Structure formats: structure tokens, C-alpha cells
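Asks: Add chain V with the ligands to chain P, keeping to what the hints say.
Quick note, the sequences are listed as chains P and V, same order. Just so it is clear: in the first sequence, position 14 is 14 by our numbering, and no numbers are missing. Just so it is clear: in the second sequence, position 242 is 242 by our numbering, and no numbers are missing.
Since the hints were made in silico from the structure, they are not lab data. No experiment lies behind these values; they were computed from the predicted model shown. Glycine is no exception: its CB is placed at the ideal position from the N, C-alpha and C atoms.
List of simulated lysine-lysine pairs, DSSO-like, C-alpha gap at most 30 Å: (1) Lys-45/P / Lys-165/V; (2) Lys-137/V / Lys-165/V; (3) Lys-165/V / Lys-44/P; (4) Lys-165/V / Lys-154/V; (5) Lys-214/V / Lys-154/V; (6) Lys-137/V / Lys-154/V; (7) Lys-154/P / Lys-111/P; (8) Lys-178/P / Lys-35/V.
Covered by chain V, according to a simulated footprint, are these stretches of chain P (three or more residues, beta-carbon under 8 Å): (9) 240-250; (10) 283-293.
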Amino acid sequence: MSTPDPTPGSGPAAGPGETGAGTATAEHDVLLDVRGLKVHFPIKKGLVFDRTVGHVYAVDGMDLQIRRGETYGLVGESGCGKSTFGRAILRLEDLTEGQVLFDGTDLASLKGEELRRQRRHMQMVFQDPLGSLDPRQTVEQLLLEGMRAHGMTKDRDAHERLTDLLREVGLPRTALSKYPHEFSGGQRQRVGIARALSVDPQLIVADEPVSALDVSVQAQVINLLADLQAELGLTYLLIAHDLAVVRHISDRVGVMYLGALVEEADADDLYEAPLHPYTRALLSAVPVPDPTVEDTREQILLVGDLPSPANPPSGCRFHTRCPWRQETRCDTERPALRTVEIDGVAGSHRVACHWAEQIASGELQPHAVTVSGVTDPTLTTHDDDSALGAKDTAYPTTDGG
Amino acid sequence: MTAQPITSPRPAADGAGEALLSVRDLTVTFGRGRKAFRAVDGVDFDVYPGQTVGLVGESGCGKSVTSLAIMGLLPGRGNTVGGRVTFAGEDLLSMPADQLRDRRGRDVAMIFQDPLSSLNPVVPLGVQVAEVIERHKGRNRSDAQQEAAAMLKKVGIPDPDRRLKEYPHQLSGGMRQRALIAMALACEPRLLIADEPTTALDVTIQAQILALLKELVSESGTALIMITHDLGVVAGLCDEVNVLYAGRIVERAQRHDLFATPRHPYTGGLLASIPRLHEERGRRLTPVPGSVSDNIPWEQGCAFAPRCANAVDVCRQQTPTLVPDRDAVGDDRLLRCHNPLTANPVDDTPTVEEDAR
Ligand SMILES: Nc1ncnc2c1ncn2[C@@H]1O[C@H](COP(=O)(O)OP(=O)(O)OP(=O)(O)O)[C@@H](O)[C@H]1O
Ligand SMILES: Nc1ncnc2c1ncn2[C@@H]1O[C@H](COP(=O)(O)OP(=O)(O)OP(=O)(O)O)[C@@H](O)[C@H]1O
Ligand code: SF4
Ligand SMILES: [Mg+2]
Ligand SMILES: [Mg+2]
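Same shape as in the complex, but just chain P:
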């Protein structure tokens, strides 16, 4: 494991207060500090020799800090590496490169008992509560299992604690003797949350915790997560693809594309003034449950799919789909996540785009995008259909493309 390049002068021993890189975290109490994190999965071929023929660059240079007590929302399209990142933080994946400091300690420096103790402070909540709960265990057994692993059942109040846990997540006492399949989806997710809470963690990594739930139940779980945070002072890393949900509960939001952050800002700043072309497209694509908004808003329709993380594009990873892509730099030089000096944009707002300033000022305008040499016909036939709203923003007929 090597020290990542974008970490100016801070070795593994550096405390949270000493982080540099213009990330404006110095004055904050950083609980989780991730530096130059990479997780690459080898692609193997051949039955006998098991050759490695390439890598999936699932996480490829993540830098982010999560402050104690905040909710950090991580969004991005399927396959961009969100879950792998979450798992890597908990050391459920091997790190190819980079480091993860939890409360100032590098987990890689810990072994055995010490590692186990640190791990207790970080728990995970999954998307599919049924898949992540052992179907043969009652809720009581499920909850006790984690506590036992961390030596928390020795004291006599283990049962009192179970009752408290259930009350906290809004399940009746009778739930203790039931099996996961006897619950509805929302109740199962409450069991999953109770299990994470059972060992008294500081950080909860919630990977799509409400994606599988019906909207009415989803709202119940969102409120529950907010209440628990207020009550227990928890820190959340919330991984989700639903941008409205993420905005609703996050203090800060990071947008991921093909293994790395392309933008990060306070939730309100990000949604009010998205700087990165990908963030703009993503936000404009979210269907809004308000017909008046739907009829008038302008959409930036992206062309094509997420490129394969086994063969990511050169330069800016978004350049193959970017309506603002320029002839120079975009396909050759990978943009760093940096702060920008733009009027009205906060100093904590970071973006990884060479042209963020020029795009924000309107100096650069979007143009049509072509995929594999073929102009996407869904984008060129819309010119007479204003309801689609694509023409003014993203695809005026300009020379640029």
C-alpha cells in the first residue's frame, strides 16, 4: 500500500486538524478521512493459469472527509463505485491504494483485537434488509450476535438494551421472537438499523437504505434516521441514487462518476448551483412530482450509458458524454477536485472540471454529443418538441461537437 499522491505532507500519523489540500476542513472535527482511495478488482481469465487480464477500476482516487455528526450523501449512477467505497471504508474490501483514517487512526495499522474494536464504531445498513439478515435467526438472536461479538452482552442489561433498541427504531417488543420474513419491508429495514445500532457505533454507512421501500414507508425510515442522529449524535455516510432523498437528509453531498468525486458541496449549494456538467445533467433528469415544474423545466439529456469501469475514458472520465466538452484538456488531462473562485459559490464547494468557471459564467455553451460516431437520434429529433426542453439547454446546433 503506498501513500497517495494528493496528500501533501501528511503521513498516516496526521491528525484530523492537519488536513490540507484546500478542502476547508481544518476548522472541522473530521471523523472519517479518506485519502486517495483506490479499489481495483482484477479481471481473471483462464481456468488453469488464472491470468489477470485487466482491472475494474471501481474506486479510483476518492478523497473525502466526513465530519463528526454530519450526514454525508454520496450519489452517482449504478456501477460508479458507491458500494465498493462504502465497503472499503469498513475494510470489507482490500484497498489497492490510499488510506482511511477513522478518528485519526489508520485502520491498516491495526491488527486483531484492536481492529475489531475500531470496527465496532462503524456499522453498515444495507439496501435489501432481507438479504442481509440471516433468515434462521430471530430478531433477538440477530441483535445479540453483533453485541456478543464485541463483548457487549456480558453486562446484565443486555435485555434492557434490546428493548431500548426496538423502541428507538419503532418496533414492538414482540418483534424480538420473530424471524425476518415475518416483517414488512419497512419493518425489516428497522431491524437492520437496530442491528447496526446494537453495538453503539459512531459512523453508520447506509447503502441505499430506503431504495427498496415504498414511498410511504421510505419516508418513515428517513424520519427515523434523522431522529436517531439527533438523539445519538451519529455520523452518516448515506449512499443513494435518489437525489431528492439525498438532498433531504444530507448536510453535504458528493457526486461520484466512474470511481471518483466530480463535485462536492453543502447540500443546498450543490442543488442551487451545480457546477459540474454531470451534476447538472443528473439534477435535471430527476422527475419532480409537480406537473407545473415538469412542464417547464429544461432537461439536459445525456447520451449513452456509463462507460465500463474496466476501461474508463482518458482525461476527464465524463468527457465521452459531456455536452460542454472542449477540444483541449478534456480527453487528455484528468481534472482534480478543486475549489473555484466564482461569485456566489462557497469556498467549500469543490468540482473536478477544467472549465467550471467558464461554464458557470455562460462563456462556454453546451453542444450536441455523439456516441461512437453516431449522433444519438433521440436528441436530434427533439428540436420541434419544446415539451422535452432539451434543445435550449443542452443541444443547440453549434459547431463545438
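Replies: For chain V with the ligands alone, coordinates are given in the frame of chain P:
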């Protein structure tokens, strides 16, 4: 406002007179005797040419079963289908199987949430699309193949000639869904039923597919039944929206009316449950309490009563019927509720007309 019978035809925007599809008292029961379970319970609606009708509701409310019943795609055993489904004047439910198969694909097409399950994994995509065109339009193989390539191009699949040679697993989810739409559209169906067509896709891909469906409806006059649990999708796409709860329609309204002035407490609850991009952050969500497992049977009263903040005594004693909602803002609304909302829970705008209050 004048009284209107529930079934009065409501011409679509382009003034087409008669309903293309008319569903009456559609009922689907799984199992028999004491174990019988009514997944769809007396559903009525019409679809006009060029109209997009939405069916929304939470998981298990009967959306997919409704569409499968219309298409005659429910497995014959273990379920009973009742009611009438009339397509262009013909009764689909009593139609012989071979005739129905012919209708399907040519006049009525369907796309599903999981495109992989509707594609044959061992046959190249091009062959599958071409076969559909051959069968339903009577083209020869080479004409059909050309048409297939043209269709893929139309739905935004780049490099269609190469894609036609590929197998379904070689395509991304978005590409597969486009391919399926291409197959559905190849035969220029008069009615397209889309069951959660974008639920498994990313928002940027979803936006592409929804744009495609919108264009289809406006250009070719295809009627569209859009099945989804996503109120955002409904808001941008549907002309008329039907909200389903426990197998029954509980509210029907035109899209703008429904979102501005929801009348059924369940509709209001759904709207108050969703976080929105266009509002102040951190508003406390007011979810519908409980889950569908708290429902009471419709025979006893209102199935939603145990979860409903508006519930009054009569709700648990008398089954509410779906009747014209004359107090509401907007025309042609139907409502099944004893004690409807008088204000939108999201922003407190009144949901009833002045003189009715
Ligand atoms: N164990 C593994 N071996 C090889 N490739 C993997 C492994 N785990 C994940 N990947 C690949 O890494 C990439 C990132 O996957 P990941 O699950 O982190 O994405 P995600 O952003 O969580 O997506 P989703 O929104 O679909 O959950 C994907 O291309 C995935 O196929
Ligand atoms: N083959 C079947 N046998 C028995 N019950 C069934 C069968 N198919 C569906 N059901 C039941 O019928 C009800 C309605 O199911 P349906 O699939 O229509 O729901 P849905 O509204 O499409 O939900 P979702 O949003 O989850 O797709 C459910 O309670 C379901 O369990
Ligand atoms: S009928 Fe009664 S219980 Fe049912 S939704 Fe209306 S108010 Fe609630
Ligand atoms: Mg994931
Ligand atoms: Mg369904």
C-alpha cells in the same frame, strides 16, 4: 358542474371520440375458497388514442396484475379473471388464445421493468426484433432486418448494425430497455402498456427513455398505459392518473388537478411522503403510517382506514364507492372516500371548490 356518469367517454386531447381500450369491473382472484385473494378488485378505466393513462400505487396494489389480465398473460391456473376488457370494440377476455396472441404484439404491446426476462438470451437481438416484424407485419427476412436496424436507430441505440448481432447480455440495462421498446414499436401498436419501464434504470437513462415514450405518444398517437410507483414520472408524462390502493382505484384525476389538489387521504399521504428537489430542505416528511399489512378487507369498509388520518367511524363500517367528486377542483374526477381532504397536505392549498365549502 354537471353530473356525469362514471363511464362517460372523455375525449382525449385530439378529440378522438371513442375509447380504444375500455376496462370494466376487472377482477382478478388468486386461489379459491377461504384462501382466495383478490389482487384486482373491480377496476374500471378507459384509454383513448393518443392518451397516456397512469396507474400508480405502492408495491402489491395490483398494477402489474391489471396489465397482465388485460394482455391475457396471467397463467391460466390458480386465478380467475372477471369483468370486461374491450379493445377497439372486441372483448379481449373471451377472445380465443390464438387470436389474442395475434393482437398482442400487433395492436397491443407491452414493456416490462426487467427487459432481460422478456428477451431470449441465446438469440441475437437483431433476429428477435426482425422476427417480431416478420410475424406481425408479414415482411420477408431481409426487409425485416432493415426495418429492425431502423427501429433501433430510432430509439437511440448507436451503431445499430453492430448491436443487432449482439446477445441481450452484451447490452446495458438501458440499451435492453430501448431494444424492447424498439420491438414493441416495430409493429406500430395502437396501445402500449409500460409496466415500470424505467424503475431499474439510472435517472439519466430514465430521462432518455421517458423522452422517447413522450415523443412516441405525440408523434404516432399511440395510447399509453404507464404503470409506475414514481409520482415524479406520472407528473411529467400522464394525462390522467389513477391511484390504486389494495386492488381498487381510490382516486382518478387529470394530472395537474391530482397534484395540485389531491382529495384521497392516501394520495395526499403519498405526496407528503416524497422529498422534493424544489422545496426547502429538511421539511419533516409526513409519511402514511403503517404499511399495507394493516389494511382491512374492502368488504368491511375502507381498506385504507387503519392508516388514514382522516378516518371517521363510517370508514370502518361502510365500503366507500368510487363516485364523481363534484366538490373537487377540476373536472372528471372520481373519488372513493367518506371523508376526503379539503386541503393539500403539502402546501395547504384548498382542494375543494369555493361554493362547495
Ligand atoms: N468483487 C468484485 N469483483 C469485480 N468487480 C466488482 C466487484 N464488486 C464490484 N465490482 C464492480 O465495480 C464497479 C462498482 O460497483 P459498485 O457496486 O461499487 O457500484 P455502485 O455505485 O454501488 O452501483 P449500484 O448503484 O448499482 O449499487 C461495478 O462495475 C462492479 O461490477
Ligand atoms: N401469481 C400470483 N399468485 C398469487 N398472488 C399473486 C400472483 N401475482 C401477484 N399476486 C399478488 O397480487 C397482488 C398484486 O400484485 P401486483 O404484481 O399486481 O402488484 P404491483 O402493484 O405490480 O406491485 P409492484 O409495484 O411491487 O410491482 C400482490 O399482493 C401479489 O402478491
Ligand atoms: S374513506 Fe375514510 S378511511 Fe378511507 S381514506 Fe377516506 S377518510 Fe380515510
Ligand atoms: Mg451499490
Ligand atoms: Mg408490478
